[in-house]
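Engineer: Go ahead and model the full structure; you've got the sequences and the hints to work with.
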Amino acid sequence: MIPSTFDYLAASSVDEAVQALSEAGEDGKVLAGGQSLVPVLRLRLAMPTKLVDLNKISELRGVRDDGDAIVVGAMTTHHDVINDPLIREYAALLSLATQTVGDPQIRHRGTLGGALVHADPAGDLLAPAVALDAEMVIVGPGGRRTVAAAEFFVDLFTTVVGPDELLVEVRIPKKAGWGAHYEKFQRVAQAWSIVAVAATVRAEGGSIAEARVALTNMAATPVRATGVEQALVGQPATVQTICAAAEHAAENTSPTSDGNADADYREHLARVLTARALTAAAGVAS
Amino acid sequence: MTRISVMVDGVSYVDDVEPRTLLVHYLRERLGKTGTVVGCDTSNCGACTVHLDGRSVKSCSVFAVQVDGSEITTIEGLIRDGNLHPMQQAFHDNHALQCGYCTPGMIMQAIDLLGDDPNPDEQTVREGLEGNLCRCTGYQNIVRAVLDAAEKMKPAVRAQQPSTVAGGGN
Amino acid sequence: MTATQPVTGELGKARRRKEDARLITGRTRWTDNITLPGMLHMAVVRSPLAHAKITAINTDAARELPGVLGVFTATDLGADSISLPCAWQITPDMKSPKAPPLAVDTVHFAGEGVAVVVARDAASAADAVSAVEVDYDELPPVLDMEAALADGATLVHPDLGTNRNALWVFDSAEAGSGGDVEQAIRDAEVVVKRRFHQQRLIPAFMEPRSVVVDPTGEQLTMWSATQVPHILKTMASLTLGVPEHKVRVIAPDVGGGFGGKLQVTPEETVTLLVARRMGKPVKWTETRSESLLAAHHGRDQIQDLTVAARRDGTVTGLKVELLADMGAYLRLVTPGIPILGAFMFNSIYKFPAYRFACTNVFTTKTPTDAYRGAGRPEATFAIERMMDELAVELGMEPLELRQRNWITHEEFPFATVAGLTYDSGNYEAATAKAKELFDYGGLRAEQRRRREAGDPVQLGIGISTYTEMCGLAPSRVLGALSYGAGGWEHASIRMLATGTVEVVTGVSPHGQGHETAWSQIIADKLGVPFEDVEVLHGDTQLSPKGMDTYGSRSLAVGGIAAVRAADKVIEKARKVAAHMLECSEADLEFAQGKFTIKGTDRGKTIQEVAFTTFAAHDLPEGMEPSLDSEATFDPENFSFPHGTHLCAAEVDTETGWVTITRYVCVDDVGTVVNPLIVEGQIQGGLAQGIAQALFEEATYDEGGTLTTGTLADYLVPSAADLPHFTTDRTETPATTNPLGVKGVGEAGTIASTPAVVNAVLDAVRHLGVTDIDMPCSPQRVWRAVQSARGAAKSTSDHTTEAAAGGGLGSIDAQGGAR
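Chains as they are written, first to last, in the numbering used here: chain C, 1 to 286; chain Z, 1001 to 1170; chain Y, 2001 to 2818.
Think of the hints as simulated: they come from the structure by calculation, not from any bench. Glycine is no exception: its CB is placed at the ideal position from the N, C-alpha and C atoms. Check before you lean on any hint, since a few could be wrong.
Unchecked claim - Not the full set, but computed from the structure, chain Y residues with beta-carbon under 7 angstroms of chain Z:
id, residue
1, Ser2083
2, Tyr2136
3, Ser2289
4, Leu2686
5, Ala2712
6, Ala2719
7, Ala2720
8, Phe2725
Structural biologist: The structure is reproduced here in structure tokens:
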């Protein structure tokens, strides 16, 4: 299929993009990596009349060290996220999860910011953003604001980013020395996650000192598994404590039923995969 | 209409395109590069894979207006001095194609894969090709071909890699 | 004159393919690549509803768009009086609905064409499709075959008075090929009954369908991504009233088919009508979503099987009752597809009594038709599942049970209970080789170890010993089955002046490698270099006669036609050579491309003979100056490849995830022309068969909308989802053709599906699981395990799954012997 017609602007700066989006109103759409948007346009599931392309805005790309946090430009591609040494060191969970996104070609084009704002509940980067306590930096006509990842996702395919706003940066507090694992469950390699678990933990003297766990596709937005985290902290890092903690994984979730999985199966998977993710993240022999 | 300037398989082109024109349609319909094909509308099949500034992309998920100022290599730009690219040769030698529809995309992605990892094992190859569907071969000979090409490209691959991957045509 | 090199041993050589040179460089000729001067683009407006009255079609807005030349409904094109052809009247009273290429007042499946638009370019055509407004009055969809047959069911085609298309029965007692199966069941020591679901699949060839029709020449020319250019030409003539000699059909490079392009499609028909109307070339190329929605689907059966046996494992009877979903219309061979399975349920086993009864049913779904194997995978799946079920019932080792019942190699030729004669085979040899390659004993030990340890990851071993009928088909058999045509194949050979050779074949390859294989066959026969043979096909103007490519027929029928034509060339050349050498024909022997006077070194090469014939200065009295020859071969019998497939699968009982850890197959496809091509066909077939077992299913929602309408939803596996295969062969030549070949295109698909499902079940059988519907998705496997452990929690959310799979409900209802 061929998309319907639209006007196109390759914005050269964030200000120009925001200006163009303000003018376009509801008919405008941001083109980031385009790996979800272009198929949607081709199937004519959306027919915006104005596309504002961010690919030429170089300031939106790249990763920088900002003291106690690393800052990832929204237009940094998945491929660059995976290969970035700062992210590997301080936000390993994001690096691991990004490796499972789409396929190599999609990872060359798709971007972190695009994936977060698209907010597909089955998308693999939402839960890591929540687990890592990321902060989203948003720019609009009214200026700049920062929103915690936990507040960022509003509903299916909906975030707090307004139609005339842009996500420009993702700030991630450094987690040096944390173990991490992203456990993804899908039908085939290309498919979206049925359920996935993002887990990162800091062990200290054989015990779990800190733990962050978030779930992909267990509700309309990513779910922080606080019950699991609380059950783990201060416990010895063993298979038994991890499995006991993982029993809390499906708490406060509201998974959907679809052709691949019904809600009760997703709840079951959340528990099993949480145990596996934590075991791997904590480096515990299973 | 938007004016773009683009280098495709070593030749520069300046064209006015509709913003909605997909790169793959620009390649096929404006430039006659029919070697690159369309297999789906959801970016699952990978048949349209080309190299954009040295990296593999699905040309059905990029608009032609977006490649202004870029360099593109298609399956038609791989032959050098009349010689097949080692990956093309390996696909032939290992019977890695049947109907051949997925082959251009498969070869372009396989070359990119070796750019990332010149010495992959079987599982790495399989995962590196996860975005390319083939309905004929069951993939076994494709995997074999990529491993074979990796072996044959070894001595030269690091030195030649940038020019091998990007640009240039016969 | 071409240099001559003695040529030996082309048959069996692993030649790299001639076809590749173009395909690996992008120098391809797909139908969608074709651009003709003045060419227009057509696009189809499709119904989003499964079943509805069309109350209005408003085309005004579409017509006014820039670049739009026309919008046409069925009536506008006169298509309302056309019915697409079905070539297989399986019973005299078979019900055939009218099948116009565009819906007339009622749509019968979601995706059916309602109107077409014609524009200067594809983008404008797409815009115009969005602008056509169609109003519908929705009717209830007909989705469930059993409900469709019940009294008072909504009728898909009310004028037929029923949703039953036909009932087709084969009974060995009536046919005289065996006993009475009801008697066998009454007398049996053991009876096992099971119900299996053959889910609906989509062929999903990689090249979407495309058609270009040029009406400007004396012959109307149609390029189409089709497997069947010859059938398409004849059917276009019969259906549309275009004189056959005024139509030329070309199948250029065709990107896969798997039966999915064995069709005379609505879109081909409408493109032709529109091109004639516009007086301009017209192209239609489908999107992938259109392809998944509207191109024909495959499989879709409910299978009820009853096996009667003695306690010692000897089978005594087999009863098969099928419901087969036709979808909304009968396409080219739709009603006959399940009937092809009638001859294969008995498989390699010596059932003394057999009955097969198939009820074909109309629903408001996409029409079904051929998909790789076409009726035979369905049969093989069911019988191989049944053999495992019987083994469980009897407490026997499943391979031993098969061995007890299969035809031994001394028993060939063997007249089967289904009325066929298997000419050759050696099931023992293939099985022995497969067991060794698989390490059958070692894996059984590993399986025991994991069972005893209660390992969360269990191991299963799946067996499939199969045969299939290939080489469609002896014309007399097709006649007996009321098929609308014969099963012969044609070839001709042109000896060119310089001694190179053109082979024209009536088969129509779309990835199989016929150009390479036929070159090998003819190089071997004529003793010319492989490189000196060009194989021509796929254009009815240059290849005037043919029955095209499907049903693993190309080599076993079309290849033999080429051999026969080559024999005729040699006989003509022998006359000329004898004349040149001034000897009698009887004194000549022909080997390695040279006629030699016996006992001397005097001779003439076939190239020299070809040039002498071309010059025609001095030929034998009464001889035409031509060596060119043609042959039409009608096989006397099918061919029967067979083999043993063994699959080891791990099942993660915590998640239901299945991993194939080892796959070994030993196939016997008779004599092999090119082992590389044979191996490739097997590997590709395995992928499709495994995909049926684990991944693929076309599903509809309760409104009749296809919910797997993109490749993001219809799960074609990638390289990362499939295992490495160990393939090997045994070679028992077919006795019914001069090459000894059997056909290989469908074997992998036919055999692998039951091997995988049997492995999955074998892994969890000890936990109490008795069946899992295909595809064996993680959720289905996990639920089966949960259910067997008595811990199933069936929530209200679960109804969809149960309806779609029928799975868990059917376990309790069907489980165990009756």
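Engineer: Now look at each hint and say whether the structure bears it out.
Structural biologist: Results for each hint:
At its closest, the beta carbon of Ser2083/Y sits 31 angstroms from a beta carbon of chain Z; the interface hint therefore is violated under the 7 angstroms criterion. Interface hint at Tyr2136/Y: violated, since its Cβ lies 24 angstroms from the closest Cβ of chain Z, which is beyond the 7 angstroms cut-off. At a threshold of 7 angstroms, the smallest CB-CB gap from Ser2289/Y to chain Z is about 6 angstroms, leaving the interface hint in force. Taking 7 angstroms as the C-beta contact cut-off toward chain Z, the hint placing Leu2686/Y at the interface holds, the least distance being around 5 angstroms.
For Ala2712/Y, the interface hint holds, since its Cβ comes within 7 angstroms of a Cβ in chain Z; the closest pair sits about 5 angstroms apart. Restraint check, Ala2719/Y versus chain Z: the minimum CB separation of about 4 angstroms is within 7 angstroms; hint holds. Evaluation of the Ala2720/Y hint against chain Z yields a held restraint, the C-beta minimum of about 4 angstroms falling below 7 angstroms. Hint status for Phe2725/Y: holds, given a least beta-carbon distance of 6 angstroms to chain Z, under 7 angstroms.
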